[in-house]
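K.L.:
We have chain A already, so just place chain B on it with the hints.
Here is what each chain is made of, one letter per residue.
Protein chains: 2
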Amino acid sequence: MSIQQKQLTIGLFGFSVVGTGLYKVLQQSPSLNANIKKVCIKHPEKKREAPESLFTIDPELLLQDNDINVVVELIDDADAAYHIVTRALSSGKAVVSANKKMIAEHLPELLALQKKYDVPFLYESACCASIPVIRNLEEYYDNDLLQSFSGIVNGSTNYILTRVFQDKLDFDEALVLAQAEGFAESNPALDVEGIDALNKLSILLTHAYGIVANPNEIVHCGIQNLQTHDAIFAKEKGYEIKLVAQAKKLEDGNVAAFVLPQFVDNTNQLYNVRNEYNGVIIESGLADKQFFYGKGAGSFPTASAVLSDLSALRYDYKYEYKKLNNKIAGELTNDFFLRVYVSFEGLFQVPHEKFERIEEWSSSEKRCHVIGIIQFSKLKNSDWWKKKGTSLIVLPDAFAEHIAIKEETEESYLVLV
Amino acid sequence: MSIQQKQLTIGLFGFSVVGTGLYKVLQQSPSLNANIKKVCIKHPEKKREAPESLFTIDPELLLQDNDINVVVELIDDADAAYHIVTRALSSGKAVVSANKKMIAEHLPELLALQKKYDVPFLYESACCASIPVIRNLEEYYDNDLLQSFSGIVNGSTNYILTRVFQDKLDFDEALVLAQAEGFAESNPALDVEGIDALNKLSILLTHAYGIVANPNEIVHCGIQNLQTHDAIFAKEKGYEIKLVAQAKKLEDGNVAAFVLPQFVDNTNQLYNVRNEYNGVIIESGLADKQFFYGKGAGSFPTASAVLSDLSALRYDYKYEYKKLNNKIAGELTNDFFLRVYVSFEGLFQVPHEKFERIEEWSSSEKRCHVIGIIQFSKLKNSDWWKKKGTSLIVLPDAFAEHIAIKEETEESYLVLV
Chain A
24 MSIQQKQLTI GLFGFSVVGT GLYKVLQQSP SLNANIKKVC IKHPEKKREA
74 PESLFTIDPE LLLQDNDINV VVELIDDADA AYHIVTRALS SGKAVVSANK
124 KMIAEHLPEL LALQKKYDVP FLYESACCAS IPVIRNLEEY YDNDLLQSFS
174 GIVNGSTNYI LTRVFQDKLD FDEALVLAQA EGFAESNPAL DVEGIDALNK
224 LSILLTHAYG IVANPNEIVH CGIQNLQTHD AIFAKEKGYE IKLVAQAKKL
274 EDGNVAAFVL PQFVDNTNQL YNVRNEYNGV IIESGLADKQ FFYGKGAGSF
324 PTASAVLSDL SALRYDYKYE YKKLNNKIAG ELTNDFFLRV YVSFEGLFQV
374 PHEKFERIEE WSSSEKRCHV IGIIQFSKLK NSDWWKKKGT SLIVLPDAFA
424 EHIAIKEETE ESYLVLV
Chain B
24 MSIQQKQLTI GLFGFSVVGT GLYKVLQQSP SLNANIKKVC IKHPEKKREA
74 PESLFTIDPE LLLQDNDINV VVELIDDADA AYHIVTRALS SGKAVVSANK
124 KMIAEHLPEL LALQKKYDVP FLYESACCAS IPVIRNLEEY YDNDLLQSFS
174 GIVNGSTNYI LTRVFQDKLD FDEALVLAQA EGFAESNPAL DVEGIDALNK
224 LSILLTHAYG IVANPNEIVH CGIQNLQTHD AIFAKEKGYE IKLVAQAKKL
274 EDGNVAAFVL PQFVDNTNQL YNVRNEYNGV IIESGLADKQ FFYGKGAGSF
324 PTASAVLSDL SALRYDYKYE YKKLNNKIAG ELTNDFFLRV YVSFEGLFQV
374 PHEKFERIEE WSSSEKRCHV IGIIQFSKLK NSDWWKKKGT SLIVLPDAFA
424 EHIAIKEETE ESYLVLV
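These protein sequences, in sequence, are chains A and B. Going by this note's numbering, the first sequence opens with residue 24, and the numbers climb by one from there. Going by this note's numbering, the second sequence opens with residue 24, and the numbers climb by one from there.
Next up, chain A with everything else stripped away, as it sits in the complex (with noise of 0.2 angstroms):
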């Protein structure tokens, strides 16, 4: 039971506020036996809360340097933290990123190179920030078990919601107050729109069912489209508005997987989850539902998990994609019903042929809604409900409905025409 630790050298790139809090956290954690040795930026005028020679604007000096074993990749360019992150896995160097959007997109090849090098590559901060929920889902929730996975995975959508359904702010003055505070981009595009939502459940997707799915094959939509009216809605219903990601196994073994906004209501763990805390809610067979929560942003919690990660390091500890080379679950589907709400603008534009049923319909002047139950599969190849000035949102128990559809007849159909 005597552990041999590792020391860590640590080549650093990135000094923003995740760098630096991690900087002074590692100084006063001597236990962590970890040091970093260099930080490479690309602004070397700005002044910074660490001497002077700590710092170059040359990556090589780091990527060559053998005495460095860990890279820590905090940088805001994707495509350059891609570029690091190979260098530094193909020079056996364990690495640990926070990049989402790198991480999402190259997967594939991002396996191959830990598989060819056999170094750690960890990214737990990568997915709700503080929250271990990749370390659970790979370790812990490790067999055939493991049902379903839904989570509130994007603290600024879920701030501008909050700002929505707790102050009664328009969806567009609340992206404002979103910005000012510091929890959207100035370009939210990747929030808003649910990309960054997106990248986060396609590595979730990995460590939960073993699934290596490119994110644009997923289906995906984020707030942009949300109006008013559809608040009003769910208020009336008891619900909030949240962009969930989910995935769920079938009963045939394959997966369901979108990012989508749904109506939850306050018997789901969810509901409580607000502004930009995250929360992740794991089924399980025997288990039932477990509940994780905390923060989701921000860049002491990134820090944080950034920490947990280097301190895995120096036990050797490294993902070892246990679903992905032994395989349970099967793969990605889009053959499954879904209820939802899907509102217009505008009274005549119902697309009725677009359901299989309508449950329910309502109109005002300006516009309506309806609900009813969709193939899965027709949302994946259009988008029309995508449009602006359209917005999707999934009800609660939207699975329940598509085992009763396949067994109803026709008859009980019904159909607006």
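The hints are simulated quantities; they were obtained by calculation from the structure and are not laboratory data. You can take every hint at face value.
Since copy identity is lost for identical chains, a pair holds within one copy or between any two.
Listed below are the simulated SDA-like cross-link pairs for lysine to any residue, each with C-alpha atoms no more than 20 angstroms apart in a straight line:
hint	residue 1	residue 2
1	LYS312	ASN295
2	LYS138	TYR338
3	LYS60	ASP90
4	LYS139	ASN92
5	LYS312	ASN298
6	LYS29	TYR340
P.N.:
Chain B in isolation, oriented as in the chain A frame:
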């Protein structure tokens, strides 16, 4: 990245609901590479849902079988369990156990055995059933930054408290109901007096801070003395009462720990933990608070955690007791102050001398309460506060005061005479 998966041949002790559940799940989980070779039971005459040839009443048939490389111990009797576990570990067999009482009472011996024979001993199900709290404390929060954890770790008492606060039952009525629903033993002392929570706390202390403490050294009290009066006070203030197991690293690096009833307000994640559910808040320096929630009792959640332990054994996972072997926190201390509410029977029973400072005092015909600051070490060395008719409940932010009081001058104390 190819992973060697071990074949697990299991000797199972006990075939109650958890054992039966495990047997069924393993039959349906071929990917687990695990099968039960023999089950040792006490009452062979009982009818069971498995072939008769699977059962024996002779423990040696399992312990001396060299094919069996894993012993799963799921029996009630803590002494018999300890005997089985020590025999199994000494024979080089990995062991999975759910017996918190046995583990908490024999931690030093069990640590020594694991060290001596270098075999894994996993017991995730012993704390909070399906919530992976031991693994996360051991693996993810394995650095200097773990500030505190506090949790509802006993489902039975939480069920009783829920009935009191939700259904306005008396404590006695709620206990009867809990027994009827199967959430409390017919002899409920272990749960109600906080012993079960205490056992779990002492296990968690080892994985969180590397502290191995005899449960009897830790200040604890259950919900046995709570009265309707206390519940009414809580409601007036917007609190609920929860039985909380808590540990906190103090400024000097030493660790405060106790199991006590606490008033919890709705800003605390534990507020919404109801019925038989468990929840644990883990606070770390950078990540702020994280919350883990799930079913903390019952055969399926327990079987689920046992299954995750088995799953981990396939990859030779073992607890490394990192905090114990690379000590970073200090020792268990009673040298701190705590803000508490104490209620008494009768008007003239206020023990002023027990308080460092009294902040509030209220009396009614039959009962009165005092809110004030106490020296924790005085609680440790006395039992006036555990006597029938007296209830002590920790207030929210109880620790904040322990600094303030040290700095305050004599004059600023408000003392009732």
